[in-house]
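**Q** Below, each chain spelled out in residue letters.
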Amino acid sequence: DAKTTQPPSMDCAEGRAANLPCNHSTISGNEYVYWYRQIHSQGPQYIIHGLKNNETNEMASLIITEDRKSSTLILPHATLRDTAVYYCIVRVLRDDKIIFGKGTRLHILP
Amino acid sequence: DAGVTQSPTHLIKTRGQQVTLRCSPKSGHDTVSWYQQALGQGPQFIFQYYEEEERQRGNFPDRFSGHQFPNYSSELNVNALLLGDSALYLCASSLLSGRTFSETQYFGPGTRLLVL
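Quick note, the sequences are listed as chains D and V, same order.
For the first sequence, my numbering gives the first residue as 23, with consecutive numbering after it.
For the second sequence, my numbering gives the first residue as 26, with consecutive numbering after it.
Looking at chain V on its own, in the form it has when it is part of the complex:
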């Protein structure tokens, strides 16, 4: 049973650049959530995608955007990178559809982004 996968595992960018992170949900899941985890802090919710739409958004600026594809995979895009965007970016998947929905979110290993 394939779990949540994320790519790349590590990334180095410079201020002002743009970055795209990718996530494939756990097999059978249809919902993807993104979180940012700064060093020494708990993960913070960025947004969630379901049926290719952003379902809810946390307190993050518009520089953070996302997309969900028909196969349920998702991308997180961050524009105009700041030094403070350096963090571990986590993707989590869950199942919202159907009678056997399982809203437990399962996390991927994360992408560590360093902005110089």
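Next up, chain D with everything else stripped away, as it sits in the complex:
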């Protein structure tokens, strides 16, 4: 079973920041937080991952709370192309598999 809880859907206006929350209250000390997204009928796309520090790349920022029990993925300026299902995952490095939950369906509104 997935170790994360995400809202099933969210809306965001185009051009605004999209903030996607994720709860992972049972996360272990050696588990990383990963985010993927899946645009309709395509393969999941890696976005970002982190252990305890906040991370930023060209796609998004990842904010992890100090107790590591929750995190937020931030898309700074959402566009219509960001409409997708976003998956928050926790996993140990060198673990073979990714366990996907149901994810959050993000709708970007024009």
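A couple of the hints might just be wrong.
Within a straight-line C-alpha distance of at most 20 Å, the following computed SDA-like cross-link-like pairs (lysine to any residue) qualify [what the hints assert, rightly or not]: (1) Lys-119/D to Gln-62/V; (2) Lys-119/D to Glu-76/V; (3) Lys-25/D to Ile-49/D; (4) Lys-119/D to Gln-66/V; (5) Lys-119/D to Glu-79/V; (6) Lys-119/D to Ala-112/V; (7) Lys-124/D to Glu-100/V; (8) Lys-124/D to Gly-65/V; (9) Lys-119/D to Pro-33/V; (10) Lys-119/D to Leu-113/V; (11) Lys-25/D to Gly-83/V; (12) Lys-74/D to Asn-41/D; (13) Lys-124/D to Pro-95/V; (14) Lys-91/D to Val-114/D; (15) Lys-119/D to Gly-83/V; (16) Lys-119/D to Ala-105/V; (17) Lys-124/D to Gln-66/V; (18) Lys-119/D to Ser-90/V; (19) Lys-119/D to Leu-107/V; (20) Lys-119/D to Phe-89/V; (21) Lys-119/D to Ser-98/V; (22) Lys-74/D to Asn-52/D.
FYI, nobody ran anything at the bench for these hints, they're computed from the structure.
Mind docking chain V on chain D? Use the hints.
**A** Below, chain V without anything else, positioned relative to chain D:
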């Protein structure tokens, strides 16, 4: 930089047939994982191949088997197809060897299998 490629993109089979799906990993990667994604669900882990051996397996029957070749490409075979095997089959690659290993899995576009 070549990403993960999969073939074919779409496939239609009938119950009881056998199917082979193919995956080429991202350049520089040595590990291939396979996932099944039913409509409306998240992907489910089938198995992972590293050094031409099955490293770990998810909760799938023995009808699902795989192979990894010396060039790191991989095949997924499904025997005795059932209607419930209709799904998007995803391949993901990563790098486990060496000091600069990168266990982030990068996914291909998938093969959509329809079993009639």
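**Q** Take the C-alpha atoms of Lys-119/D and Ser-98/V, compute the straight-line distance between them, and say whether it is at most 20 Å.
**A** holds, 18 Å
**Q** Does the alpha-carbon distance linking Lys-119/D and Gln-62/V stay inside the 20 Å limit?
**A** holds, 14 Å
**Q** Can the restraint linking Lys-119/D and Pro-33/V be considered satisfied, given a maximum Cα separation of 20 Å?
**A** violated, 24 Å
**Q** Tell me if the straight-line CA distance from Lys-119/D to Ala-112/V falls inside 20 Å.
**A** holds, 19 Å
**Q** Is Lys-119/D close enough to Ser-90/V, meaning Cα to Cα at most 20 Å?
**A** holds, 16 Å
**Q** Within 20 Å, alpha carbon to alpha carbon, are Lys-119/D and Glu-76/V?
**A** Status holds; Cα separation ~16 Å.
**Q** Just to be careful, I want the Cα atoms of Lys-25/D and Gly-83/V compared with a cutoff of 20 Å; is the pair within it?
**A** holds, 17 Å
**Q** Between the alpha carbons of Lys-119/D and Glu-79/V, is the straight-line distance 20 Å or under?
**A** holds, 12 Å
**Q** Taking 20 Å as the top limit, are the C-alpha atoms of Lys-119/D and Leu-113/V close enough?
**A** holds, 17 Å
**Q** Between the alpha carbons of Lys-119/D and Phe-89/V, is the straight-line distance 20 Å or under?
**A** holds, 16 Å
**Q** Quickly compare the C-alpha distance for Lys-91/D and Val-114/D to 20 Å and report which way the hint goes.
**A** Status holds; Cα separation ~15 Å.
**Q** Given the proposed pairing of Lys-119/D with Gln-66/V, does the C-alpha separation stay at or below 20 Å?
**A** holds, 16 Å
The structure shown violates the earlier hints numbered 7, 9, 13, 16, 19.
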